[in-house]
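Protein chains in written order, with my numbering: chain A, 1 to 283; chain B, 1 to 283; chain C, 1 to 283; chain D, 1 to 283; chain E, 1 to 283.
Warning: the hint list may mix true and false statements.
One copy or two, either will do: identical chains are not told apart, so a pair holds if it fits within one copy or between any two.
Restricting the straight-line Cα-Cα distance to at most 25 Å, the calculated cross-link-like pairs of lysine to any residue (SDA-like) are [as the list claims (entries may be wrong)]:
(1) Lys59 <-> Asn251
(2) Lys132 <-> Glu229
(3) Lys250 <-> Asp108
(4) Lys48 <-> Ile217
(5) Lys250 <-> Val220
(6) Lys264 <-> Pro238
(7) Lys208 <-> Asn120
(8) Lys231 <-> Phe98
(9) Lys132 <-> Asp254
(10) Lys132 <-> Val106
(11) Lys48 <-> Arg66
(12) Lys231 <-> Leu44
(13) Lys204 <-> Met149
(14) Lys231 <-> Ile22
(15) Lys250 <-> Glu127
(16) Lys132 <-> Pro238
(17) Lys132 <-> Gln269
(18) Lys266 <-> Ile190
(19) Lys271 <-> Ile171
(20) Lys260 <-> Ser43
(21) Lys213 <-> Gly45
(22) Lys231 <-> Glu259
(23) Lys208 <-> Leu20
(24) Lys213 <-> Ile22
(25) Lys48 <-> Ala242
(26) Lys250 <-> Ser25
(27) Lys260 <-> Thr126
(28) Lys231 <-> Val52
(29) Lys231 <-> Leu47
Since the hints were made in silico from the structure, they are not lab data.
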Amino acid sequence: MIAAFLLVLSAIVFQGDLGLFISVSSFLIVIGGVLSVTVVNYSLGELKNAWVSLFENLKNSEIDLRTDIELMNMFARKVRREGMLAVEEDIQNIEDSFLRNGFMFVLDGMQKDTLNSILNDQLENTERTMEKSVRILASMADYSPAFGMIGTVIGLILMLQNIQDPESLGIGLAIALLTTLYGTIFANMIFLPLSGKLDNLSEKHITKRQMYKAAIISIVDEENPRIMENKMLNFLPPSERAEYMAYFDKNSFDKNREEKIYEKWKNYQNKSWQNLVADLATG
Amino acid sequence: MIAAFLLVLSAIVFQGDLGLFISVSSFLIVIGGVLSVTVVNYSLGELKNAWVSLFENLKNSEIDLRTDIELMNMFARKVRREGMLAVEEDIQNIEDSFLRNGFMFVLDGMQKDTLNSILNDQLENTERTMEKSVRILASMADYSPAFGMIGTVIGLILMLQNIQDPESLGIGLAIALLTTLYGTIFANMIFLPLSGKLDNLSEKHITKRQMYKAAIISIVDEENPRIMENKMLNFLPPSERAEYMAYFDKNSFDKNREEKIYEKWKNYQNKSWQNLVADLATG
Amino acid sequence: MIAAFLLVLSAIVFQGDLGLFISVSSFLIVIGGVLSVTVVNYSLGELKNAWVSLFENLKNSEIDLRTDIELMNMFARKVRREGMLAVEEDIQNIEDSFLRNGFMFVLDGMQKDTLNSILNDQLENTERTMEKSVRILASMADYSPAFGMIGTVIGLILMLQNIQDPESLGIGLAIALLTTLYGTIFANMIFLPLSGKLDNLSEKHITKRQMYKAAIISIVDEENPRIMENKMLNFLPPSERAEYMAYFDKNSFDKNREEKIYEKWKNYQNKSWQNLVADLATG
Amino acid sequence: MIAAFLLVLSAIVFQGDLGLFISVSSFLIVIGGVLSVTVVNYSLGELKNAWVSLFENLKNSEIDLRTDIELMNMFARKVRREGMLAVEEDIQNIEDSFLRNGFMFVLDGMQKDTLNSILNDQLENTERTMEKSVRILASMADYSPAFGMIGTVIGLILMLQNIQDPESLGIGLAIALLTTLYGTIFANMIFLPLSGKLDNLSEKHITKRQMYKAAIISIVDEENPRIMENKMLNFLPPSERAEYMAYFDKNSFDKNREEKIYEKWKNYQNKSWQNLVADLATG
Amino acid sequence: MIAAFLLVLSAIVFQGDLGLFISVSSFLIVIGGVLSVTVVNYSLGELKNAWVSLFENLKNSEIDLRTDIELMNMFARKVRREGMLAVEEDIQNIEDSFLRNGFMFVLDGMQKDTLNSILNDQLENTERTMEKSVRILASMADYSPAFGMIGTVIGLILMLQNIQDPESLGIGLAIALLTTLYGTIFANMIFLPLSGKLDNLSEKHITKRQMYKAAIISIVDEENPRIMENKMLNFLPPSERAEYMAYFDKNSFDKNREEKIYEKWKNYQNKSWQNLVADLATG
């Protein structure tokens, strides 16, 4: 997106004066109009939510599910040997709120059925909220060109007052066209791609939490960590799964490795799996 | 929406004369055209219905289901102890017509199956009516730009008569563009966001009535108020539910609290639950 | 729709000369083009069908199902007492072809299963035909602006021949714009709202015939007229049903009333139920 | 469609010179562009297929299923009396390839289950091919205006070179607008209505073959021709079915009539049923 | 597509100077804008993936499933007689990665159920990836005209600075229109048809792999090669299947032919079946 801006900017600078393209009133008509209309259509809270959700997802966009599988695997083995209470303090350091809450429920000794329905409920709710956020960004992209056009028509009407002066006519038209430019740019370079981005990211996000849910339920069921690992592997795309399985084919699992991971797991949470493996190899 | 209007207005005032942008005939072409065409497409009654439904929903837009749970809970306990007749007079003061009618049917001793099918029937009907209202507002947004364009083309044709006089040409064009401006503004700043708003509000409205239905059926079944409360909690979003449950974890329910609520319940009906709790704490 | 026309007309008359806006060739391009293209897409018969169906539905747009319930109720009681043959002559006077045919089949002694499948078949066919008619009107609305544009481009090309004469240029452009005006008006003020209207009316129409079917089957089954009445009541919207039931709560049914209805039923067929009740009260 | 062309033509001739509207390069840009892009999107074979399928369906657009029922009925009776081999030579003269192949399979002594799955397979394949043909014509209608616009923009750019000469400007603009005119005309007067037409015709075509399939399976099952006739009648629209049944109510079937049909059946294949009946009455 | 380009090119050359239509900055605004916005919406990897997938599919667009049936048939017979290990080396030469991997799994002695679920998994993943690639190309077609418009508005604003000089005005406008031209051409002549093409090709591709899966499972089940052949035949369109079956009706299968195929199978992999048959006949 930054590249796109630079490109359009350089095209402008290359051919003329940047100052020509800056107009506070045009900016206010488009952005102010879009914001206020979106607040009417949804609500201020939901609008804020959409943008917060976008930035949070952008920050954590590098989701590598294999790292999560390794960490969950390590925790499951620990719980199996030493019991749930052994990880009570660690749970506080889990970054993902869904996983942290899930483990808390397990610590509280919640029944499997209740836990299952609560986690499902939270998953559905997250999904609905994210879909709404995507829809809000998309409707901002829909409103943008309309406000661009409103501003241009207002500018045209103002310009047509001074029609006898051909020079000022040109400048009036230029200013009138600015809101159309802003409306089109906001729609196509900001709101639309970001809405698409959030849609893609939210899909990955939901997949991750579905994997977490499968893992939590497996731990409550006191299943063998190996079975849990296999269930989690189903959520990987085939190529990543193949890579993961090939790695463990060569490097059979050992207790030593598990301990190394436990020492540093807080730093691994948002690392890619490649980094984790490399780090373990050197460390 | 008011903000949006102010913004566009200020943009106009900032740059020129407001009088330029007021034209009764342009206004009549757009609004008159949209209204009459909508009346043909639907009917006068349905059009009126759509707007009445919009304003009613806007008035009651601050739906807090937790308040309703508290009130229903209080009523259910009262009915359980003292029987249905003890609340006969209170029922008249319930604002929501669906809930009031439902209680009336219970008072009349209606069978559970009949009651269930009648309430379902009313719910479906409300849903269908609201969807139609949303559709009417959306189709008004669709027709607006078309009438804006019709007015502009009429204006252009009139203007082209006087083409030899360049000055009047400018003013003629300005007037012709006004209907386009009006059509775009009505569509994007009024009809479209209000249609979206009604869609969102009607969803909440339907959820509330589904919760009421679950409560009424539970009372007819003479279930324990606790079970009824749990059923109603399913309709809350997880975060609100967690807050509600956390509150009752700390403040265990007591008879005293119930009576306090009963005294003031008429004022609580449209209050947020936070206010209700605060009011009980101070009162 | 008439109001919409008047409005646009008055806007024109208010500002200029009506003669400016009349052009036979523009009218022919738009209407002729739309009609011929629709005939290609569907067929002449289906196009005629769509408009016939529209006008028939507009004529009978005041459907009040409660009147039908009263009349069917009266017939069912008569048939129960005196047998099907007693109403043989009356059947000829039923206006709705679906109901008349249905009764004929009953008179012919058709089996319930055969009757049921024939009536279902006819219902489905009516539904399919009506959907097609709605689609035809909607596609006429889609084609209109295209032919408006074709005419305008033709007009522009013709106008550009005389570009050295600026005065005739204005008039040429005005004429060229007329087809755009016609195309937009036909689409948004005629075809689109009428298509929407037919859609709404056909829904009511189908509901009415579904109710008739339920009644006919009930009569063949020799069910008690009360049961038939209840089945028919399910097709009413809740508010109308409540009104109907409240009325019979106060005015219990009597033989006298039935006879009064029988005397005048031919005139009641398309009356609203309010009128029927008022007429019985005075008569 | 021919009428539509005549109309637009006469509008042009009425107002100016036809030569103005003919431009080989505009024609090539629009048609050439649309064709080559469609070939990329689909393939040359599929494009040819779409048009062949359109013309074949237009040629046989007067499908009267009642004629087919009479002919199949006659064949079924013949087969029942004299065996399948008696019609071996007649089968070669059946025009519809689906029916002809079906009878061939029966002659070859194919099992019912195999036959059923093969016929279903062919039906599905026909349906898929026809849907693709409809889609190809529709996508040609989508591409047309785009190439019209491309041509116009090219023309505008060329024209703007000679901006100092106002007279040639007009003619340049006229030529530039021609491709827009062509693009709009091709889309709205050719591709779109033909796509809709093919969609409607293919529906009838599929219905006919489904009826054939039911008949073939019935013959293999050695069912009574009367049962086969009833199964085929289900594929008729109610009005046609009523007419057919009313006819045979009055004219009971006789051996003589069957022979008359057998003599001339080759000529009857694409006739309307009314003609067939009239012909039998006179002959 | 090349033809389409030539056509538009020749139209330009025919009427003017090609140099007029080349502008690096216009090209950069449209292509750069579309690329950067697509990278934001999806990701660089997915964008690259879409184009790689497109070119791979174009390279192998001549899929003839009958060739695959012959080759699989030959392998199945070989495996049946000499065991899986006899083809171990041949497997390395299979070009299609899905089929090669599938055979590897069989060699590794994988269980039927595991194999089935792994192959299904890979199929679904391929389908999802391809759908995403189609969507990316389609969204590039959606963004193109928007960037064309952005460039044109920027050009117009720059041009309006020099409004007093009418000659430079024309050239400025011409340059401004270039981005619109580029945007429309990229959308309608490149991105849209290629997106449609990839959609069509991916469908064939998935069908082929579904056929491979059926064959692999059949081999693991140690079914008779004849049964496997029949299962594979279900994936052919009826006309191709008929041709294939007619061929083997006349040329009964013999061991000699199988060996001939085995000798040359590596060259046959992407040949059409007609070529394979012709080659066997001559060789």
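Hints, one by one, checked against the model:
Taking identical chains as interchangeable, the C-alpha atoms of Lys59 and Asn251 are never at most 25 Å apart, the minima being 32 Å within one chain and 39 Å between chains. Taking CA atoms no more than 25 Å apart as the test, Lys132 paired with Glu229 passes in neither setting, with 33 Å inside one copy and 28 Å between copies. Taking the shortest Cα distances, Lys250 and Asp108 sit within 25 Å of each other only across copies (17 Å), while inside one copy they are farther apart (39 Å). For a Cα distance limit of 25 Å, the shortest separation of Lys48 from Ile217 qualifies neither inside one copy, at 33 Å, nor across copies, at 38 Å.
In this homomeric assembly, Lys250 and Val220 never come within 25 Å of each other (Cα to Cα): the closest approach is 30 Å inside a single copy and 27 Å across copies. In this homomeric assembly, Lys264 and Pro238 never come within 25 Å of each other (Cα to Cα): the closest approach is 28 Å inside a single copy and 33 Å across copies. Taking identical chains as interchangeable, the C-alpha atoms of Lys208 and Asn120 lie at most 25 Å apart whether they share a chain (13 Å) or sit on different chains (21 Å). In the homo-oligomer, the alpha carbons of Lys231 and Phe98 lie at most 25 Å apart both inside one protomer (18 Å) and across protomers (23 Å), since each shortest distance falls under that limit.
Neither within a single protomer nor between protomers do Lys132 and Asp254 lie at most 25 Å apart by alpha-carbon distance, with minima of 45 Å and 39 Å respectively. Taking the shortest alpha-carbon separations for Lys132 and Val106, neither the intra-copy value of 30 Å nor the inter-copy value of 38 Å comes in at or below 25 Å. Taking the closest pair of Cα atoms, Lys48 and Arg66 come within 25 Å of each other only across two copies (23 Å); inside a single copy the shortest separation is 32 Å, beyond that limit. For a Cα distance limit of 25 Å, the shortest separation of Lys231 from Leu44 qualifies neither inside one copy, at 40 Å, nor across copies, at 30 Å.
Taking the closest pair of Cα atoms, Lys204 and Met149 never come within 25 Å of each other, the shortest separation being 37 Å inside a single copy and 34 Å across copies. In this assembly of identical chains, Lys231 and Ile22 lie within 25 Å of each other by CA distance neither inside one copy nor across copies; the values are 55 Å within and 57 Å between. Proximity of Lys250 to Glu127 under the C-alpha cut-off of 25 Å is found in neither arrangement, the shortest distances being 38 Å within a copy and 31 Å between copies. In the homo-oligomer, the alpha carbons of Lys132 and Pro238 lie at most 25 Å apart only across protomers (16 Å), although the nearest pairing inside one protomer, at 30 Å, exceeds that limit.
In this assembly of identical chains, Lys132 and Gln269 lie within 25 Å of each other by CA distance neither inside one copy nor across copies; the values are 28 Å within and 28 Å between. Taking the shortest alpha-carbon separations for Lys266 and Ile190, neither the intra-copy value of 34 Å nor the inter-copy value of 48 Å comes in at or below 25 Å. Neither within a single protomer nor between protomers do Lys271 and Ile171 lie at most 25 Å apart by alpha-carbon distance, with minima of 53 Å and 54 Å respectively. Taking identical chains as interchangeable, the C-alpha atoms of Lys260 and Ser43 are never at most 25 Å apart, the minima being 48 Å within one chain and 33 Å between chains.
In this assembly of identical chains, the alpha carbons of Lys213 and Gly45 never lie at most 25 Å apart, being 28 Å within a copy and 29 Å across copies at closest. In the homo-oligomer, the alpha carbons of Lys231 and Glu259 lie at most 25 Å apart inside one protomer (23 Å), although the nearest pairing across protomers, at 45 Å, exceeds that limit. Taking identical chains as interchangeable, the C-alpha atoms of Lys208 and Leu20 are never at most 25 Å apart, the minima being 47 Å within one chain and 53 Å between chains. In this assembly of identical chains, the alpha carbons of Lys213 and Ile22 never lie at most 25 Å apart, being 50 Å within a copy and 57 Å across copies at closest.
For a Cα distance limit of 25 Å, the shortest separation of Lys48 from Ala242 across copies, 22 Å, qualifies, whereas the shortest one inside one copy, 40 Å, does not. Within a single copy, Lys250 and Ser25 get their C-alpha atoms no closer than 64 Å, and across copies no closer than 53 Å, so neither meets the 25 Å cut-off. In this assembly of identical chains, the alpha carbons of Lys260 and Thr126 never lie at most 25 Å apart, being 34 Å within a copy and 36 Å across copies at closest. In this homomeric assembly, Lys231 and Val52 never come within 25 Å of each other (Cα to Cα): the closest approach is 32 Å inside a single copy and 32 Å across copies.
When the C-alpha separation of Lys231 and Leu47 is checked against a cutoff of 25 Å, the pair qualifies neither within a copy, at 37 Å, nor between copies, at 30 Å.
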